[in-house]
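Kindly generate the complete structure, drawing on both the sequences and the hints.
Reminder that position 43 of the sequence shown reads as 43 in UniProt numbering, one-by-one numbering, no gaps.
Simulated from the structure, these hints should not be mistaken for lab results.
Quick reminder that beta carbons are idealized off the backbone N, C-alpha and C, glycines included.
The reader is advised that the hints may include incorrect statements.
What the hints assert, rightly or not - Dumping the calculated DSBU-like pairs for lysine-lysine here, alpha-carbon to alpha-carbon at most 35 Å: (1) Lys19 x Lys169; (2) Lys115 x Lys169; (3) Lys26 x Lys115; (4) Lys19 x Lys115; (5) Lys169 x Lys210.
What the hints assert, rightly or not - Label-pair ranges, simulated between beta-carbon atoms: (6) Leu30 x Glu198: 27 to 37 Å; (7) Asn47 x Met97: 25 to 35 Å; (8) Thr56 x Ala144: 27 to 37 Å; (9) Arg174 x Gly76: 39 to 49 Å; (10) Ala31 x Asp204: 42 to 52 Å.
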Amino acid sequence: MTVTATTEDSGLPVMLDSKDVVDAFKRYNLAIYAEARREFYHEVNLNPFRPHAESTLRFVEWMFWDWFSYDCAISGHGLSLDESEDLELELEHRPGMGISPFIAMGELLYEHTDKIDNRGICDLRDIDETNFASMFWIRDANAASGCLRLEDIVQGGTYDVMDHAAAGKYDGARGGMIVNRIAYARGAWRTCAIPVYEARRPDDPEVGGKLIRDFRNCGYRPDFPGLVRFFYGRAKDTGLDWEQTDRALREGTLDGLIRKACER
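Right, here's the structure in full:
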C-alpha cells in the first residue's frame, strides 16, 4: 500500500498525503476517481483557449487531490480491502451522507496496518470533521510563535493558525491574503494543505476591510472548486479568467460584461 502516515516528535498531528489517498482509490475503485476528476475539472473550468504552464497544470491537479480527499464523499463505510465490496462504492452527492476518502483511508490503515495508532486515528478524525477551505486576510504573523491570525473573508470569524513556515514567511505582516484549508487538531487550528493562492500585497487594512465587506454583502460563498476557479479557471457567468477579469475591472468594462452574462 502506497499510503503513508507521518508524524513528528514535535507534537504535530498525524497526516495523510492527499496524493496517496487519490492513488489508493485509483487502485481500489478507478470509477470513483474518474468521476470525481471529471466533476472537479468541469467546475474549475480552465480556459482551453489559453496556454497553461506545466507548473500550473500540476498545481491544479494537486488541488484536485486535496478536494477529492477532504470534500468528496463515498457511499457506505469506506474501503474494506474486499475487491468486490470496494468496487461497489460510489460517489455520494447527498449532503451529510457518506464519508470522505481521507478518513476512509485513515480508518483502513488503522484497522489493517500498524501505521496509525489510537492517537493517530483521533488526529485524522478531528481533521476530517473540522477542515474547511476559505479566503483569509492576514491580521498578524509571528515567526517566533509560528502562528498566523487569519480572518475568514468569506464566512467570517478569526482563527489563530499554527504554521511555522507561513508565519516565518509573513512575519510581522498586518495584511495580505492566503487561500488555504485549515483544520483543528491537538488543540490548535493548523493548515492541512498547500495554499490555493497567497499574496502579501495589497496589505492596506482598508483594502482588507473592503474585500471582507464586498464578499459578505454579495453573498458569494464559493466551495473549494469555486476558489480554484476564482484564481485559475473561468467564471461561470462571464467566462472570464482571473487576468481577464482584472483587466476588465481596470478598464471599467466588467459591470457591462456581467450584465450581458445575466441576460443570456
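Against the structure, the hints:
1. Taken as a hint, the Lys19 and Lys169 pair is honoured in the structure, with Cα atoms around 25 Å apart against an allowance of 35 Å.
2. This hinted pair checks out: Lys115 and Lys169 have alpha carbons roughly 32 Å apart, not beyond 35 Å.
3. Taken as a hint, the Lys26 and Lys115 pair is honoured in the structure, with Cα atoms around 21 Å apart against an allowance of 35 Å.
4. The hinted pair formed by Lys19 and Lys115 meets the criterion: a straight-line CA distance of about 17 Å does not exceed 35 Å.
5. A C-alpha spacing of about 25 Å is found between Lys169 and Lys210, which places the hinted pair at or below 35 Å, so the restraint holds.
6. At about 34 Å, the beta-carbon gap between Leu30 and Glu198 stays in the expected band of 27 to 37 Å.
7. The hinted range of 25 to 35 Å is satisfied by Asn47 and Met97, whose Cβ atoms lie roughly 34 Å apart.
8. Checked against the hint of 27 to 37 Å, the pair Thr56 and Ala144 passes, with Cβ atoms roughly 34 Å apart.
9. Between Arg174 and Gly76 the Cβ separation comes to about 48 Å, which falls inside the hinted range of 39 to 49 Å.
10. Between Ala31 and Asp204 the Cβ separation comes to about 49 Å, which falls inside the hinted range of 42 to 52 Å.
Checked against the numbered hints listed earlier, the structure breaks none of them; every hint is satisfied.
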